[in-house]
Amino acid sequence: MPVQKECPILSVERLNADAISIWLECGELAKAAAVGQFVNIKCGEALLLRRPISICRVEDTRLNVVFEVRGEGTAWLAARSAGETLDVLGPLGHGFTYPEGKVLVVGGGIGVPPMLNTALRAPAGAIACLGFRSAERAMLVEEFQRACEQVYLASDDGTLGVHGFVADIVDAALTEHPEVAAVLACGPRIMLKTTYDVCRRHGVACQVSMEERMGCGIGACLVCACKSADGAYRHVCKDGPVFAAEEVCWDA
Amino acid sequence: MRNVDMSVTLAGMTMKNPVVVASGTFGFGREYGALYPIDELGGICVKGLTFQRREGNPPPRIAETPMGILNSVGLQNPGVDGFIADELPELKKHDLRIIANISGNTPEEYGIMCEKLSAAGVDMIEVNISCPNVKAGGLQYGVVPEMAAEVTEQAKRHSTVPVMVKLSPNVTDITEIARAVEGAGADAVSLINTLRGMRIDVKTRRPVLHQNTGGLSGPAVLPVAVRMVWEVSNAVRIPVLGMGGIAKGEDAAQMMLAGATAVAVGTACFADPFAPLRVRDGLAAIAAEQGLERVSQLTGQVQPW
Ligand SMILES: Cc1cc2nc3c(=O)[nH]c(=O)nc-3n(C[C@H](O)[C@H](O)[C@H](O)COP(=O)(O)OP(=O)(O)OC[C@H]3O[C@@H](n4cnc5c(N)ncnc54)[C@H](O)[C@@H]3O)c2cc1C
Ligand SMILES: Cc1cc2nc3c(=O)[nH]c(=O)nc-3n(C[C@H](O)[C@H](O)[C@H](O)COP(=O)(O)O)c2cc1C
Ligand code: FES
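Here the protein sequences line up with chains A and B, keeping their order. In terms of our numbering, the first sequence is residues 1 to 252. In terms of our numbering, the second sequence is residues 1 to 305.
Treat the hints with care, as some may be off.
With a Cα cut of at most 20 angstroms, we get these calculated SDA-like pairs of lysine to any residue [claimed, not checked]:
no.: 1; chain 1: A; residue 1: 227; chain 2: B; residue 2: 212
no.: 2; chain 1: A; residue 1: 5; chain 2: B; residue 2: 58
no.: 3; chain 1: A; residue 1: 238; chain 2: B; residue 2: 54
no.: 4; chain 1: B; residue 1: 248; chain 2: A; residue 2: 31
no.: 5; chain 1: A; residue 1: 227; chain 2: B; residue 2: 58
no.: 6; chain 1: A; residue 1: 238; chain 2: B; residue 2: 184
no.: 7; chain 1: A; residue 1: 31; chain 2: A; residue 2: 72
no.: 8; chain 1: A; residue 1: 5; chain 2: B; residue 2: 37
no.: 9; chain 1: B; residue 1: 248; chain 2: A; residue 2: 4
no.: 10; chain 1: A; residue 1: 227; chain 2: A; residue 2: 238
no.: 11; chain 1: A; residue 1: 102; chain 2: A; residue 2: 200
no.: 12; chain 1: A; residue 1: 5; chain 2: B; residue 2: 57
no.: 13; chain 1: A; residue 1: 227; chain 2: B; residue 2: 277
no.: 14; chain 1: A; residue 1: 238; chain 2: B; residue 2: 272
no.: 15; chain 1: A; residue 1: 238; chain 2: B; residue 2: 238
no.: 16; chain 1: A; residue 1: 238; chain 2: B; residue 2: 34
no.: 17; chain 1: A; residue 1: 238; chain 2: B; residue 2: 30
no.: 18; chain 1: B; residue 1: 116; chain 2: B; residue 2: 157
no.: 19; chain 1: A; residue 1: 31; chain 2: B; residue 2: 54
no.: 20; chain 1: B; residue 1: 16; chain 2: B; residue 2: 196
no.: 21; chain 1: A; residue 1: 227; chain 2: A; residue 2: 194
no.: 22; chain 1: A; residue 1: 227; chain 2: B; residue 2: 78
Simulated from the structure, these hints should not be mistaken for laboratory data.
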């Protein structure tokens with residue numbers, strides 16, 4: 001059950017040139033949060049719509065979100081400081097489902113933070129594949145190394161890990177770890193699609209976290225439509241953001 | 001502060017307070033119902049229903065604009081039968097008025113839907129005429145007085161509950177349409193539906209909405225809505241449900257002073273899920289401050305220059 005709450009900001013920290021991490025005191029909202037869920041944050045009085053941000057980590061009643069500045073709303077968020085409060089609606093959406101067995105968590109760019117919670121809570125352990133543009137744009141790598149049995153890294157310019165795409169390291173990880181029961185992924189659509197292709201080749205189940213522009217964030221306005229393989233529209237805020245990869249219409 | 005009687009009667013339908021939620025912004029009440037009891041509301045205009053289930057438009061379906069949003073959901077809904085089977089029984093467990101919002105491709109479709117919904121026991125039918133008439137080459141019912149009247153007649157003939165016609169603001173003279181539907185037997189009118197608008201991403205040179213254009217709603221449209229409610233209430237005798245941009249008690253009070261009997265809150269829910277309750281409480285506070293016994297004493301009491 002979601003709640004709406006004024007949450008005190010505990011800290012605001014820059015993780016790299018683009019990414020900002022905010023810890024919030026969220027009370028029961030944090031305790032209720034499941035892996036892969038998101039919160040919808042009001043970004044000041046001037047902007048009507050809330051901004052959906054995934055939950056990166058939860059520690060007791062404290063909740064962590066990590067985001068990149070993309071436009072007005074995230075710029076407003078980035079300008080907050082500890083002691084202020086944020087109007088948060090959450091936890092929202094349908095998150096990742098753990099299989100019986102080990103998971104491979106896959107994140108690309110700003111899709112990396114949501115996978116940390118998923119790795120930390122994995123009941124039978126996790127391996128991670130993380131992709132960044134460069135070493136400078138990397139974030140949370142140490143946290144993943146602490147949470148996971150093994151972390152594969154890739155970067156677009158080769159300054160960190162493998163010089164190449166996330167799908168390449170997913171392929172390597174699945175080859176070396178046939179015990180992986182499912183792949184759970186968040187990142188740009190093209191990365192999700194290529195990751196799913198690799199999973200299919202390995203015969204491993206894949207779940208992906210999708211993005212779409214939102215209105216209400218709770219399933220009432222039907223704005224956040226995402227086409228599914230059967231041609232029907234599902235809603236990212238309620239049916240998702242996490243979908244089984246085979247349910248998504250990748251050609252849409 | 002004294003206790004204000006918040007009940008109002010809209011076309012014979014009594015509501016415990018004048019605040020309803022606008023069609024398409026509140027689904028069938030389940031989601032917001034997880035945040036607070038929807039029984040607190042005067043009523044709910046449910047998501048626009050069509051004869052058959054509809055999938056709606058491709059995304060993006062929403063664009064943010066200064067103090068507003070553009071949407072192009074495209075009437076995604078489970079169809080009138082799906083609503084009656086799966087949503088209505090759940091809604092009926094709650095103590096609020098159920099207003100079924102309908103859109104048809106032909107006047108006959110409106111008629112059949114009204115029959116089914118009357119039989120299923122909704123409290124009122126809201127006829128959305130801001131949708132294309134398939135027979136008339138896609139021209140909207142809401143822009144031609146004769147077509148608006150024809151749909152109203154069909155709806156009235158097949159309904160046993162009050163029929164409220166929802167007017168489009170995208171017309172030269174909204175009073176002309178209001179008079180036409182009144183003449184055809186409408187029991188009430190609701191207004192405004194969304195205003196046609198467009199937003200372009202200058203980097204990609206693409207409209208933000210996949211449909212290129214969409215309907216504007218939210219605080220940005222409030223003054224337009226108040227003006228239209230004022231004009232329409234002066235032009236017809238049937239009651240008006242006022243909506244468009246209402247986010248707080250003062251907005252609702254303006255709408256009622258302009259002539260509305262009751263008000264609907266839509267887009268404001270996206271920013272603040274509790275907006276309808278804040279509107280209700282704000283309205284009650286204003287009425288109390290002004291020493292009114294009943295909130296209905298605000299209706300039509302604007303003092304024009
Ligand atoms: C389920 C979900 C989880 C997300 N998690 C994160 C996260 O953990 N970290 C992070 O940095 N970003 C995340 N995003 C993307 C984030 O919501 C957008 O970057 C943000 O809304 C941009 O707002 P803005 O005002 O800065 O940009 P603007 O471009 O000015 O926003 C204009 C409008 O478009 C919407 N919008 C723009 N980009 C997106 C997008 N990619 N997805 C959805 N709506 C968008 C905005 O919400 C706003 O309504 C997530 C998106 C979704 C759907
Ligand atoms: C996402 C969305 C969906 C809507 N769907 C419908 C609909 O199905 N039928 C209808 O008559 N009006 C629909 N509307 C219009 C609203 O009911 C209302 O008339 C309009 O938004 C103005 O009120 P507001 O500014 O308070 O939102 C929709 C509006 C929005 C924002
Ligand atoms: S954002 Fe309203 S249904 Fe998803």
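List, from low to high, the hint numbers that the structure doesn't satisfy.
-> Checked against the structure, the hints that fail are numbers 2, 4, 6, 7, 12, 13, 15, 19 and 20, while the rest are satisfied.
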